[in-house]
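Chemist: Sequence:
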Amino acid sequence: RALALQARRPGFDSPGRRNECGFSELYSWQRNQTAKKQFCLHDGPPYANGDPHVGHALNKILKDITNRFQMMRGCIVHFVPGWDCHGLPIELKALEEIGEEAKTLSPIEIRKKAREFAEKTIERQRAAFIRWGVMADWNNCYYTFDKQYEAKQLDVFHQMFDKGYVYRDYKPVFWSPSTRTALAEAELEYNQQHVSRSVYAKFPLVKPSTKLAPAIDSNHCINALIWTTQPWTIPANQAVCYMPNAQYSIVKCLNTEELYLLAAERIEFTAAAFSTQFEVLQTFIGSDLEGGICSHPTIPERHSPLLPANHVNMVKGTGLVHTAPAHGMEDYGVASHHKLSVDCLVDEDGRFTEAAGSELQNKYVLQEGNQTVIQMLEETKMLLKEEDVRHSYPYDWRTKKPVIIRSSKQWFVDTSTLKAKDLLHKVHTIPESASNSMLNMLDRRTYWCISRQRSWGLPIPVFYHKETAEPLINKYTRKHLIKLVEEYGSDCWWTLPLDQLLTKDILKQVSKGSDVLDYVKGEDVLDIWFDSGTSWAHVLEADVYMEGKDQLGGWFQSSLLTSVAVKKQAPYRNLVVHGFTLSQTGEKMSKSLGNVVDPDVVINGGQDPNKEPPYGADVLRWWVAESNVFTEVLIGPNILNTAKENLFKLRNTLRFMLGNLNIFDPETEAVPSEQLQILDQYMLHLLQEYSTEVTEAYKQYDYGKVIRLMSAFVNRDLSNFYFTIIKDRLYCEDVKAPKRLSCQTVLEKALDVVTRSVAPILPHLAEEVFQHLPFRKDPLSIFRTGWIKTSFIWKKPGVVEAIEGACEMRDRFFGSIPGKNTMEYDVTVIINPSLLLELMETLQAEETSSTSQLNEIMMCSHTTILTSVPRDLPTNAVLIEGKFVINLQGGDICEESPYQVIVQPAVKERCPRCKKYTSDSVLTPCSRCLEVIAGKWSV
Numbered sequence: 001r002a003l004a005l006q007a008r009r010p011g012f013d014s015p016g017r018r019n020e021c022g023f024s025e026l027y028s029w030q031r032n033q034t035a036k037k038q039f040c041l042h043d044g045p046p047y048a049n050g051d052p053h054v055g056h057a058l059n060k061i062l063k064d065i066t067n068r069f070q071m072m073r074g075c076i077v078h079f080v081p082g083w084d085c086h087g088l089p090i091e092l093k094a095l096e097e098i099g100e101e102a103k104t105l106s107p108i109e110i111r112k113k114a115r116e117f118a119e120k121t122i123e124r125q126r127a128a129f130i131r132w133g134v135m136a137d138w139n140n141c142y143y144t145f146d147k148q149y150e151a152k153q154l155d156v157f158h159q160m161f162d163k164g165y166v167y168r169d170y171k172p173v174f175w176s177p178s179t180r181t182a183l184a185e186a187e188l189e190y191n192q193q194h195v196s197r198s199v200y201a202k203f204p205l206v207k208p209s210t211k212l213a214p215a216i217d218s219n220h221c222i223n224a225l226i227w228t229t230q231p232w233t234i235p236a237n238q239a240v241c242y243m244p245n246a247q248y249s250i251v252k253c254l255n256t257e258e259l260y261l262l263a264a265e266r267i268e269f270t271a272a273a274f275s276t277q278f279e280v281l282q283t284f285i286g287s288d289l290e291g292g293i294c295s296h297p298t299i300p301e302r303h304s305p306l307l308p309a310n311h312v313n314m315v316k317g318t319g320l321v322h323t324a325p326a327h328g329m330e331d332y333g334v335a336s337h338h339k340l341s342v343d344c345l346v347d348e349d350g351r352f353t354e355a356a357g358s359e360l361q362n363k364y365v366l367q368e369g370n371q372t373v374i375q376m377l378e379e380t381k382m383l384l385k386e387e388d389v390r391h392s393y394p395y396d397w398r399t400k401k402p403v404i405i406r407s408s409k410q411w412f413v414d415t416s417t418l419k420a421k422d423l424l425h426k427v428h429t430i431p432e433s434a435s436n437s438m439l440n441m442l443d444r445r446t447y448w449c450i451s452r453q454r455s456w457g458l459p460i461p462v463f464y465h466k467e468t469a470e471p472l473i474n475k476y477t478r479k480h481l482i483k484l485v486e487e488y489g490s491d492c493w494w495t496l497p498l499d500q501l502l503t504k505d506i507l508k509q510v511s512k513g514s515d516v517l518d519y520v521k522g523e524d525v526l527d528i529w530f531d532s533g534t535s536w537a538h539v540l541e542a543d544v545y546m547e548g549k550d551q552l553g554g555w556f557q558s559s560l561l562t563s564v565a566v567k568k569q570a571p572y573r574n575l576v577v578h579g580f581t582l583s584q585t586g587e588k589m590s591k592s593l594g595n596v597v598d599p600d601v602v603i604n605g606g607q608d609p610n611k612e613p614p615y616g617a618d619v620l621r622w623w624v625a626e627s628n629v630f631t632e633v634l635i636g637p638n639i640l641n642t643a644k645e646n647l648f649k650l651r652n653t654l655r656f657m658l659g660n661l662n663i664f665d666p667e668t669e670a671v672p673s674e675q676l677q678i679l680d681q682y683m684l685h686l687l688q689e690y691s692t693e694v695t696e697a698y699k700q701y702d703y704g705k706v707i708r709l710m711s712a713f714v715n716r717d718l719s720n721f722y723f724t725i726i727k728d729r730l731y732c733e734d735v736k737a738p739k740r741l742s743c744q745t746v747l748e749k750a751l752d753v754v755t756r757s758v759a760p761i762l763p764h765l766a767e768e769v770f771q772h773l774p775f776r777k778d779p780l781s782i783f784r785t786g787w788i789k790t791s792f793i794w795k796k797p798g799v800v801e802a803i804e805g806a807c808e809m810r811d812r813f814f815g816s817i818p819g820k821n822t823m824e825y826d827v828t829v830i831i832n833p834s835l836l837l838e839l840m841e842t843l844q845a846e847e848t849s850s851t852s853q854l855n856e857i858m859m860c861s862h863t864t865i866l867t868s869v870p871r872d873l874p875t876n877a878v879l880i881e882g883k884f885v886i887n888l889q890g891g892d893i894c895e896e897s898p899y900q901v902i903v904q905p906a907v908k909e910r911c912p913r914c915k916k917y918t919s920d921s922v923l924t925p926c927s928r929c930l931e932v933i934a935g936k937w938s939v
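Residue numbering for the sequence shown is 1 to 939, as defined by UniProt numbering.
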């Protein structure tokens with residue numbers, strides 16, 4: 001059996017092994033058990049737009065480790081895998097496959113192509129998740145394009161609308177010209193190397209404030225000075241904002257003698273930017289600017305009032321902020337308060353509209369449109385300086401192209417009135433810092449744009465009056481449309497005629513005299529974060545949501561907001577947040593760098609096995625568990641090789657125990673705890689401690705700690721210590737000798753404890769060990785037999801003192817003969833009458849022995865215990881002194897005992913069987929070996 005296990009290496013866990021152990025039936029089996037406690041880990045749906053990658057592996061394996069641990073502890077696990085199936089990335093990839101033909105497709109044709117693409121992707125990802133050993137009912141998953149899922153999502157949308165959380169408004173949102181749709185914050189990524197063309201521009205003061213008017217010379221023009229990285233927004237300017245409690249100054253430029261108005265705190269920096277000096281003429285508080293008016297720099301007939309605003313800061317710029325309400329969130333807030341215009345001069349393609357004027361019309365705002373505005377500033381002599389600035393700028397995470405902020409009619413969720421933050425405080429978050437990050441995000445988020453201008457998604461179920469553009473949405477449309485979606489799916493919004501979507505009976509309920517032809521159906525679809533964020537409506541109340549840190553602004557947040565809006569409670573009790581996967585050098589993975597790690601190649605190997613060997617699923621799982629997943633997670637050839645080597649060490653340890661239990665029957669041959677050898681009792685004590693610590697680490701989702709605890713126990717306590725000591729007993733004592741049965745009893749417990757402790761992480765290896773147990777009964781799988789089983793009677797503090805005292809003396813002995821064979825020596829221990837002497841005498845009752853428990857620990861040929869140094873000490877003997885402190889009963893018994901260790905060459909000959917120097921002749925076995933041999937002959 002040991003050889004059978006040895007023949008299999010990490011990297012060769014076969015489908016046959018999984019079939020033999022019932023991997024595919026395990027989830028269903030445990031669902032049919034009876035248990036008092038259930039555990040629900042709600043699966044955040046991965047996006048169905050690409051092949052499985054190491055990020056998927058990290059997430060799914062972490063979840064599987066969690067589920068397997070909870071199942072082994074006796075919980076019924078509720079885990080339904082899901083997929084996020086709608087959205088622009090899928091739509092774009094599906095259309096890429098058909099090329100130019102995509103431009104001629106109708107919405108329903110686009111949806112058909114997108115659905116087919118998502119379904120193919122799901123199958124590839126599902127196959128990978130199964131190969132990684134993830135336990136689930138893979139025939140019953142949830143998909144956001146399912147009819148029942150869509151119907152429930154519409155119900156959540158309507159409930160939020162009825163409660164006043166969902167509304168339609170015209171306000172600025174992140175807009176992607178490359179995909180012609182609104183975006184949410186979670187759909188952005190920030191390019192730290194983006195270059196913008198920034199300008200310093202003048203806004204001439206045409207009317208000073210009442211407080212400043214008497215002190216200003218009307219013969220000199222004063223220019224409010226602004227700085228912006230988005231010159232294209234200047235045509236939409238409606239105001240210039242200042243910080244009311246900051247100091248502002250009127251200064252004279254010593255180069256041009258022009259007068260400028262700017263924040264006092266920014267004078268020195270701005271003068272340096274112009275390579276000049278400013279003479280301060282007058283300083284006052286910002287609130288003194290109230291009532292002042294500037295003229296627009298490119299549209300002289302338009303005025304821009306000076307207005308107070310708290311978002312103005314002194315970190316960059318001049319302390320005066322150009323304000324275009326159609327293109328800034330804070331700007332919009334100023335406009336709402338002061339009733340300013342929010343007209344947008346930019347269309348869905350990011351080009352200036354006709355309203356911007358013939359000079360700008362049809363020009364792309366981030367390119368030629370920007371250049372034209374700068375030229376216009378130059379022509380009106382309002383441009384002071386232009387320069388490139390490198391800064392962080394939002395990009396569409398799908399197309400990797402820059403976005404703009406643009407006002408448009410959209411549907412929003414009012415997040416400012418939800419009590420999400422209060423409820424998030426009650427959620428246990430690991431690590432705790434992740435909770436603070438999410439709270440900060442919620443602080444900044446006052447609304448959530450949930451409408452998108454695409455075809456592949458769940459339609460927002462609203463009709464609009466052709467003349468008034470008023471939306472029609474109420475309890476009558478709600479009930480009818482949900483019923484249609486349950487029957488036909490959301491395609492019905494495009495396939496059914498309008499009079500079936502909006503019936504005459506519904507119109508009679510809401511508006512007498514109205515006709516169906518007076519309405520059009522909406523063309524927007526719901527944000528995919530709303531899709532996945534309503535998945536809580538399909539599961540039990542979740543114990544855990546476990547995802548990457550990007551979901552703090554994504555799925556974690558959308559789930560929280562929708563659940564709080566509808567149920568007034570968080571959808572999860574615990575949040576576990578892991579980091580991203582990076583290359584082994586800490587870089588982001590990319591094909592151009594050649595550092596992408598494919599989990600399929602990790603498991604099955606690449607084209608060149610020498611460069612990309614097959615590691616198997618358990619090496620991949622070891623990597624996941626071993627990593628500090630609460631930070632960034634590194635992966636690469638060196639890391640995987642180390643994981644393989646560590647797994648192989650564990651495998652050898654398990655093989656050693658399995659091989660030495662081949663003819664041992666624990667039911668009939670196990671030695672009672674109190675009759676075990678003291679060293680064996682000590683190992684049970686360590687097993688008990690290990691079991692407690694490793695169980696607690698699992699409870700805290702700290703699987704890296706599980707690996708560290710297991711590695712330390714296996715390598716230090718078992719392999720390097722216990723196995724080394726008991727080999728003499730295992731190989732030289734009679735097969736059924738009580739001493740040998742004693743350590744076999746412990747080996748059986750250790751094998752069981754260690755195998756179960758790593759089973760959630762390494763299910764293939766654990767199952768293989770379980771299948772090779774010579775005394776295994778009927779259960780098909782180790783996962784059907786429960787968690788670690790230990791006993792409180794294994795705790796033996798007094799035994800610990802005895803073994804650790806002997807080990808300290810052994811260390812002194814080993815230290816005196818570095819690199820030499822310990823069997824070549826006899827050891828004498830000198831201890832005055834004391835508690836330490838009593839402890840050593842429990843390990844060796846006779847004065848001198850070659851078979852005592854103390855001798856076994858010392859690993860020498862003979863061990864002698866004396867109370868004083870013998871007078872006839874040989875000249876070649878080495879005497880070592882030491883002290884050992886004994887603490888018992890929580891410190892109530894404390895004693896420091898001196899001792900001496902005498903090391904001298906063994907006086908007898910080497911036994912040809914056990915290799916100890918305990919024989920009278922080199923040709924004759926020692927008395928212990930002769931007795932064992934005689935026993936075999938007699939049989």
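Note that these hints are calculated values from the structure, not bench results. All of these numbers come straight from a predicted model, not from anything done at the bench. Among the hints, a few may not be true.
Cβ-Cβ distance ranges computed for the label pairs, FRET-style [unchecked claim]: (1) Glu-301 <-> Lys-567: 51 to 57 Å; (2) Asn-139 <-> Tyr-190: 38 to 44 Å; (3) Asp-169 <-> Gln-509: 22 to 28 Å; (4) Ala-469 <-> Asp-349: 20 to 26 Å.
List time: in silico DSSO-like cross-link candidates among lysine-lysine, alpha-carbon distance up to 27 Å [said to hold, decoys possible]: (5) Lys-401 <-> Lys-549; (6) Lys-401 <-> Lys-479; (7) Lys-649 <-> Lys-549; (8) Lys-521 <-> Lys-483; (9) Lys-163 <-> Lys-475; (10) Lys-504 <-> Lys-171; (11) Lys-591 <-> Lys-611; (12) Lys-163 <-> Lys-611; (13) Lys-37 <-> Lys-567; (14) Lys-649 <-> Lys-567; (15) Lys-409 <-> Lys-426; (16) Lys-252 <-> Lys-207; (17) Lys-163 <-> Lys-512; (18) Lys-426 <-> Lys-37.
For each residue, glycine too, the CB sits at the ideal point set by N, CA and C.
Chemist: Which hints, by number, does the structure contradict?
Modeler: Result: hints 6, 7, 10, 12, 14 and 15 break, sorted rising.
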